[in-house]
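> Input sequences plus hints: build the corresponding full structure.
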Amino acid sequence: MNKFYSFSQLIYLLAITSTLINGDQFKIKSIQLDGLLAAFGDFNSDKYSDLFIINSSRQSFEIQKAIDLDYYSFLKQPNLTCSCSQNEEIVGLIPSDFFGDAMMDVIIITKFRQDAYSSKWDSTLFNIYLVRGTRHSLDCKSIENQNILFQSRIQPLLLDYNGDMIGDLLVQASNYSRYIYLFDSGNYTVVDLIGNEQIRTPNSNAFIDLDNDYIPDLFIEGENVYEYIYLKPLGDRNQDPNKSPISRLFKPDEAIVGHSTFIDYNSDGIIDHLIPVCGDYGCSKSSSIVVWNQEEISYIKIATNFIDPVNKKKQLCFVKEFSDQQLIIPMRMRHADVDGDGFIDLVALMTDCSNPDREKFAYILKNVPNTQSKYERTFKVFYKIEPKYKTPSENTEVILASFLDLAEDGNPDFVVVSKQNDKFIINTIVNENMVDACFFKVLVISGRCYEDCGKSIDNKIKSPFSNSNALGYGTNQAGPSIYYSLVDSEGKARKSCAGQLTQTADLSLQMPYMIFGLGMLPNFVDLLTASLPINYTSTSTLDKSNNPRIQSWTQIVPDSQVVIIPNPIDFPSLWRIKLFLTPSDNVLSTFLTLIVICFLLSLVIFFLWRREVLEDRLEQKKYKQYWPESK
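Just so we're aligned: 186 in my numbering is position 186 of the sequence shown, and the numbers increase by one with no gaps anywhere.
Worth flagging that the hints you see were computed from the coordinates, not collected in a lab. Keep in mind that this is a model prediction, so the values were computed, not measured. Be a bit skeptical, because a hint or two may be false.
[Unchecked claim] Keeping only pairs whose Cα atoms sit at most 27 Å apart, straight-line, the calculated DSS-like set for lysine-lysine is:
| hint | residue 1 | residue 2 |
| --- | --- | --- |
| 1 | K301 | K312 |
| 2 | K232 | K366 |
| 3 | K374 | K251 |
| 4 | K251 | K313 |
| 5 | K314 | K232 |
| 6 | K65 | K423 |
See the structure below:
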């Protein structure tokens, strides 16, 4: 590995002299699919993200596999489709491993139709089903037979509360009590969670590190307050038994408060809490983005006065939530670094403030320096995403937008969902003329095996993940955090962090991995640190599962996809990483530069060698003139 890094360093350092491609426009390639996009996930463990799609009638869902990254194609298969009863409609999907067999299962969230009546179940609650997956098929018996697993007031949040790399769910019961459903082998046990205030629905609950201690916490969005529930290792819990683990924050004093987004927007290594807001109930006068400032104990407006990038006289406002029968899509911003400059950008639905009933589009809000405020960064409208429809219609309305790395090349592409008449349309849009910035992409997987691959470690500790002949891969995992630091091309230290699958309820549509931009020059990541959830249910000080699980690596090569395999889970020093290089145009220009340099060096060497030969001949002639007997 050391030799590999050294050679890569030589290659990438030469790239500094190569030509960089600049551009601020997007070349659009659009692929259109039918249905409502509900989630992303690697269902068959081929390292490509598949699409989980609810059909337009919301009576069934399907998984479309990514099959050709060059043409961004997805394949629909009959054995990856499930249907619900006629008196229900599907409103959400949560893919994860709930059986512990390293295969992706699906939580299906339904609600009884408004005109349906159920004497057995509460028709005001969400119905939760569990469908088992086998990498090639789905077992749909539970939803087809209407065997509801349980009901909840809210769409559940996916998390890993006991640190076993099996998906768990945060729910709220009809009596407003909060529970964690711990899954194993498809069955669950229930753990009480602090608090009984009503959770907002739709919600933006999150499982993410809120206090920068390398351990994910819980964020719960109540109707009137935000709650930060700080989850601590057993040792910390014992040291402060009287300290409340929950912190309640007031909501922004605005007419309409959107759903929370958690990103490190200013690249200081700390997660920030961002919220889109409107100053009036019609979202027709002003929209802003606010961030919670812990030092000032207040919300700070970091972005206001959004101007259309084409028509400078048109002011844009956020679009309020979309609703259709039991389906509600809230006002939410989704995030990714679309230009690779190291600062997270946003996508949001916006419309003309003066006429909010006009067309709604997805706009990229670019993270740019802020020279007019003490807060260093702000967001400005950069680009309007305009999908191309196979059958254009005036009754087409964009209802959500998100990001996905369609080509698995480290560039976040766009996914836009529209409603056209009575059906939903998905447009995947690829950016082919992005600024050629470097990146690194991190995927933390569960590390579980498809079969029994347990062996002993040092003949003492048994682990289900340790057999190299059956390397654990598993599924996309909720809760891991990534922190990195580097020195940029200007010699300045830079760091940032992000969480993986931190929000999963109400069509959050987060990418199942983390992509970090490194800027225009190939900077090595000096330090990469990964942290995983611990076991918050354990009460034994001898149990290693409630200890912090943190591991670091140095000198990560840019333009690489890093897969972190955390097995055995309780021994971070044994975790493995796999690096997959994704050469960009910089690499090609680097090799061209290398070839040119080698050619020039060869010419210089040949010139010097030839010059030395000629000088030797001249000296020999002079020597023979003075010493003729030397002949």
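> Determine for every hint whether it applies to the structure shown.
Consistency of the hints with the structure:
1. This hinted pair checks out: K301 and K312 have alpha carbons roughly 22 Å apart, not beyond 27 Å.
2. For the hint pairing K232 with K366, the CA-to-CA distance comes to about 35 Å; that exceeds 27 Å, so the pair is violated.
3. With a C-alpha separation of about 23 Å, the suggested pair K374 and K251 falls inside the 27 Å cut-off, and the hint holds.
4. A C-alpha spacing of about 32 Å is found between K251 and K313, which places the hinted pair above 27 Å, so the restraint is violated.
5. Distance check on the hinted pair: K314 and K232 sit about 48 Å apart at the alpha-carbon level, beyond 27 Å; violated.
6. About 21 Å separates the Cα atoms of K65 and K423, which keeps this hinted pair within 27 Å; it holds.
In summary, the numbered hints that this structure violates are 2, 4, 5.
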